[in-house]
Amino acid sequence: EVQLVQSGAEVKKPGESLRISCQGSGYSFAGYWIGWVRQMPGKGLEWMGIIYPANSDPKYSPSFQGQVTISVDKSISTAYLQWSSLKASDSAMYYCARFSGATFSAAWFDPWGQGTLVTVSS
Amino acid sequence: QSALTQPASVSGSPGQSITIACTGTSSDVGSYYPVSWYQQHPGKAPKLMIYEGTKRPSGVSDRFSASKSGNTASLTISGLQAEDEADYYCCSFAGSSTFVFGTGTKVTVL
Numbered sequence: 001e002v003q004l005v006q007s008g009a010e011v012k013k014p015g016e017s018l019r020i021s022c023q024g025s026g027y028s029f030a031g032y033w034i035g036w037v038r039q040m041p042g043k044g045l046e047w048m049g050i051i052y053p054a055n056s057d058p059k060y061s062p063s064f065q066g067q068v069t070i071s072v073d074k075s076i077s078t079a080y081l082q083w084s085s086l087k088a089s090d091s092a093m094y095y096c097a098r099f100s101g102a103t104f105s106a107a108w109f110d111p112w113g114q115g116t117l118v119t120v121s122s
Numbered sequence: 001q002s003a004l005t006q007p008a009s010v011s012g013s014p015g016q017s018i019t020i021a022c023t024g025t026s027s028d029v030g031s032y033y034p035v036s037w038y039q040q041h042p043g044k045a046p047k048l049m050i051y052e053g054t055k056r057p058s059g060v061s062d063r064f065s066a067s068k069s070g071n072t073a074s075l076t077i078s079g080l081q082a083e084d085e086a087d088y089y090c091c092s093f094a095g096s097s098t099f100v101f102g103t104g105t106k107v108t109v110l
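So the sequence lines, in the order shown, correspond to chains H and F.
Going letter by letter, the first sequence gives residues 1 to 122 in the numbering used here.
Going letter by letter, the second sequence gives residues 1 to 110 in the numbering used here.
FYI, nobody ran anything at the bench for these hints, they're computed from the structure.
This one's a predicted model, so the numbers in the text were calculated from it and none came from an experiment.
Ideal Cβ placement from N, Cα and C applies to all residues, glycine included.
The reader is advised that the hints may include incorrect statements.
[As the list claims (entries may be wrong)] Below are the SDA-like pairs computed for lysine to any residue, each with C-alpha atoms no more than 25 Å apart in a straight line:
{"no.": "1", "chain 1": "F", "residue 1": "Lys-68", "chain 2": "H", "residue 2": "Gly-26"}
{"no.": "2", "chain 1": "F", "residue 1": "Lys-44", "chain 2": "F", "residue 2": "Ala-8"}
{"no.": "3", "chain 1": "H", "residue 1": "Lys-59", "chain 2": "H", "residue 2": "Gly-31"}
{"no.": "4", "chain 1": "F", "residue 1": "Lys-44", "chain 2": "H", "residue 2": "Gly-26"}
{"no.": "5", "chain 1": "F", "residue 1": "Lys-47", "chain 2": "F", "residue 2": "Ala-82"}
{"no.": "6", "chain 1": "F", "residue 1": "Lys-44", "chain 2": "F", "residue 2": "Thr-108"}
{"no.": "7", "chain 1": "F", "residue 1": "Lys-44", "chain 2": "H", "residue 2": "Ala-92"}
{"no.": "8", "chain 1": "F", "residue 1": "Lys-47", "chain 2": "H", "residue 2": "Ser-7"}
{"no.": "9", "chain 1": "H", "residue 1": "Lys-12", "chain 2": "H", "residue 2": "Tyr-80"}
{"no.": "10", "chain 1": "F", "residue 1": "Lys-47", "chain 2": "H", "residue 2": "Glu-10"}
{"no.": "11", "chain 1": "F", "residue 1": "Lys-44", "chain 2": "F", "residue 2": "Arg-56"}
{"no.": "12", "chain 1": "F", "residue 1": "Lys-47", "chain 2": "H", "residue 2": "Ser-28"}
{"no.": "13", "chain 1": "H", "residue 1": "Lys-59", "chain 2": "F", "residue 2": "Thr-25"}
{"no.": "14", "chain 1": "F", "residue 1": "Lys-55", "chain 2": "H", "residue 2": "Val-2"}
{"no.": "15", "chain 1": "H", "residue 1": "Lys-43", "chain 2": "H", "residue 2": "Gly-26"}
{"no.": "16", "chain 1": "F", "residue 1": "Lys-55", "chain 2": "H", "residue 2": "Glu-10"}
{"no.": "17", "chain 1": "H", "residue 1": "Lys-74", "chain 2": "H", "residue 2": "Arg-19"}
{"no.": "18", "chain 1": "H", "residue 1": "Lys-43", "chain 2": "F", "residue 2": "Lys-106"}
{"no.": "19", "chain 1": "H", "residue 1": "Lys-87", "chain 2": "F", "residue 2": "Gly-43"}
{"no.": "20", "chain 1": "H", "residue 1": "Lys-12", "chain 2": "F", "residue 2": "Ala-45"}
{"no.": "21", "chain 1": "H", "residue 1": "Lys-74", "chain 2": "H", "residue 2": "Glu-1"}
{"no.": "22", "chain 1": "F", "residue 1": "Lys-47", "chain 2": "H", "residue 2": "Val-2"}
{"no.": "23", "chain 1": "F", "residue 1": "Lys-44", "chain 2": "H", "residue 2": "Ser-75"}
{"no.": "24", "chain 1": "H", "residue 1": "Lys-43", "chain 2": "F", "residue 2": "Thr-98"}
{"no.": "25", "chain 1": "H", "residue 1": "Lys-59", "chain 2": "F", "residue 2": "Gly-95"}
{"no.": "26", "chain 1": "F", "residue 1": "Lys-68", "chain 2": "F", "residue 2": "Gly-43"}
{"no.": "27", "chain 1": "H", "residue 1": "Lys-43", "chain 2": "F", "residue 2": "Gly-15"}
{"no.": "28", "chain 1": "F", "residue 1": "Lys-44", "chain 2": "H", "residue 2": "Arg-19"}
{"no.": "29", "chain 1": "H", "residue 1": "Lys-43", "chain 2": "F", "residue 2": "Ser-58"}
[Stated by the list, open to error] What the simulated footprint calls covered on chain H by chain F, stretch by stretch (three residues with Cβ under 8 Å from a Cβ of chain F suffice, anywhere in the stretch; the number is not a length):
{"no.": "30", "stretch": "45-52"}
{"no.": "31", "stretch": "57-65"}
{"no.": "32", "stretch": "100-107"}
{"no.": "33", "stretch": "113-121"}
[Said to hold, decoys possible] Among the chain H residues that face chain F by a calculated CB cut under 10 Å, a handful are:
{"no.": "34", "residue": "Ile-76"}
{"no.": "35", "residue": "Ser-89"}
{"no.": "36", "residue": "Ala-92"}
{"no.": "37", "residue": "Tyr-95"}
{"no.": "38", "residue": "Ala-97"}
{"no.": "39", "residue": "Asp-110"}
Put together the whole structure using the sequences plus the hints.
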C-alpha cells in the first residue's frame with residue numbers, strides 16, 4: 001500500500017525554527033515528486049511547493065518562495081518542510097502528497113499524508 | 001498566481017445532481033492542462049476524486065464526473081448522497097512548475 005506518514009503536531013513560539021517530515025512507503029520514493037500543501041484554519045488548500053527526491057530539485061509557489069525550505073532525504077524516503085523563523089501566521093495544517101502522472105503538467109496529488117498541525121503562539 | 005474561482009457553496013437534495021464550477025484563466029484551466037479534483041471531509045486529509053481531467057481513481061463512485069469548457073472546469077455529482085457532503089477543490093498546473101488550487105466549494109446535502 002502506498003502511504004505517506006507525517007510527523008506529529010507541533011506547538012512553537014514565534015521566531016523558533018521547525019522542520020516537519022513526510023515519510024513515504026510502498027513505492028519507489030525517489031521516482032515521484034512530493035508536494036506540500038497548506039490549509040489555514042477554516043480556509044482552503046494552498047499549493048506551497050514540490051520536490052523530486054531523485055535529484056532534490058525543489059520548486060516553490062511564488063507565495064512561499066523564501067518563506068519555507070523543502071528538502072528530502074531519499075535514503076530514508078522522507079521529505080521535509082522547514083521554517084527558520086516561525087510567525088503566528090504560519091499556524092496551519094500542512095499536508096504532503098505524492099505527485100503522480102505521465103507528465104508534470106498533467107499530474108495530480110495522490111495519496112495524501114494525514115497532515116501535521118503547526119501552532120505558533122507566544 | 002491567483003486561486004481558481006469556485007462557488008463557496010452548492011447544495012442539493014438526496015438523489016439530485018449538482019455541478020461545481022472551477023474558473024481560471026487561459027494560463028491554467030483554459031490551457032490544455034487537465035484539472036484534478038479533491039474531496040475533503042471535516043478533519044480529514046483531501047482525497048483524489050478526478051485526475052487527468054475526467055478519470056476516476058479506483059474506488060471512487062461513478063456518480064462523480066468532470067468536464068472542461070474554455071476557462072471553466074466542472075465536477076458533477078449525480079445521485080447526491082449524504083456521504084457526499086464535504087468540501088471540494090479543483091487544481092490545475094499554472095505554468096513555471098507551479099500548481100494552483102481552487103477556492104473550495106462546500107457541498108451540503110439538504
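For each hint, the structure was consulted:
no.: 1; hint: F:Lys-68 / H:Gly-26; in the structure: violated (33 Å)
no.: 2; hint: F:Lys-44 / F:Ala-8; in the structure: holds (19 Å)
no.: 3; hint: H:Lys-59 / H:Gly-31; in the structure: holds (16 Å)
no.: 4; hint: F:Lys-44 / H:Gly-26; in the structure: holds (21 Å)
no.: 5; hint: F:Lys-47 / F:Ala-82; in the structure: holds (17 Å)
no.: 6; hint: F:Lys-44 / F:Thr-108; in the structure: holds (17 Å)
no.: 7; hint: F:Lys-44 / H:Ala-92; in the structure: holds (14 Å)
no.: 8; hint: F:Lys-47 / H:Ser-7; in the structure: holds (19 Å)
no.: 9; hint: H:Lys-12 / H:Tyr-80; in the structure: holds (17 Å)
no.: 10; hint: F:Lys-47 / H:Glu-10; in the structure: holds (24 Å)
no.: 11; hint: F:Lys-44 / F:Arg-56; in the structure: holds (20 Å)
no.: 12; hint: F:Lys-47 / H:Ser-28; in the structure: holds (21 Å)
no.: 13; hint: H:Lys-59 / F:Thr-25; in the structure: holds (22 Å)
no.: 14; hint: F:Lys-55 / H:Val-2; in the structure: holds (19 Å)
no.: 15; hint: H:Lys-43 / H:Gly-26; in the structure: violated (31 Å)
no.: 16; hint: F:Lys-55 / H:Glu-10; in the structure: violated (37 Å)
no.: 17; hint: H:Lys-74 / H:Arg-19; in the structure: holds (16 Å)
no.: 18; hint: H:Lys-43 / F:Lys-106; in the structure: holds (11 Å)
no.: 19; hint: H:Lys-87 / F:Gly-43; in the structure: holds (23 Å)
no.: 20; hint: H:Lys-12 / F:Ala-45; in the structure: holds (23 Å)
no.: 21; hint: H:Lys-74 / H:Glu-1; in the structure: holds (19 Å)
no.: 22; hint: F:Lys-47 / H:Val-2; in the structure: holds (14 Å)
no.: 23; hint: F:Lys-44 / H:Ser-75; in the structure: violated (29 Å)
no.: 24; hint: H:Lys-43 / F:Thr-98; in the structure: holds (20 Å)
no.: 25; hint: H:Lys-59 / F:Gly-95; in the structure: holds (11 Å)
no.: 26; hint: F:Lys-68 / F:Gly-43; in the structure: violated (29 Å)
no.: 27; hint: H:Lys-43 / F:Gly-15; in the structure: violated (29 Å)
no.: 28; hint: F:Lys-44 / H:Arg-19; in the structure: holds (22 Å)
no.: 29; hint: H:Lys-43 / F:Ser-58; in the structure: violated (28 Å)
no.: 30; hint: 45-52; in the structure: holds (count 4)
no.: 31; hint: 57-65; in the structure: holds (count 5)
no.: 32; hint: 100-107; in the structure: holds (count 6)
no.: 33; hint: 113-121; in the structure: holds (count 3)
no.: 34; hint: Ile-76; in the structure: violated (22 Å)
no.: 35; hint: Ser-89; in the structure: violated (17 Å)
no.: 36; hint: Ala-92; in the structure: violated (14 Å)
no.: 37; hint: Tyr-95; in the structure: holds (6 Å)
no.: 38; hint: Ala-97; in the structure: holds (8 Å)
no.: 39; hint: Asp-110; in the structure: holds (4 Å)
Violated hints, listed in ascending order, are 1, 15, 16, 23, 26, 27, 29, 34, 35 and 36; each of the other numbered hints is respected by the structure.
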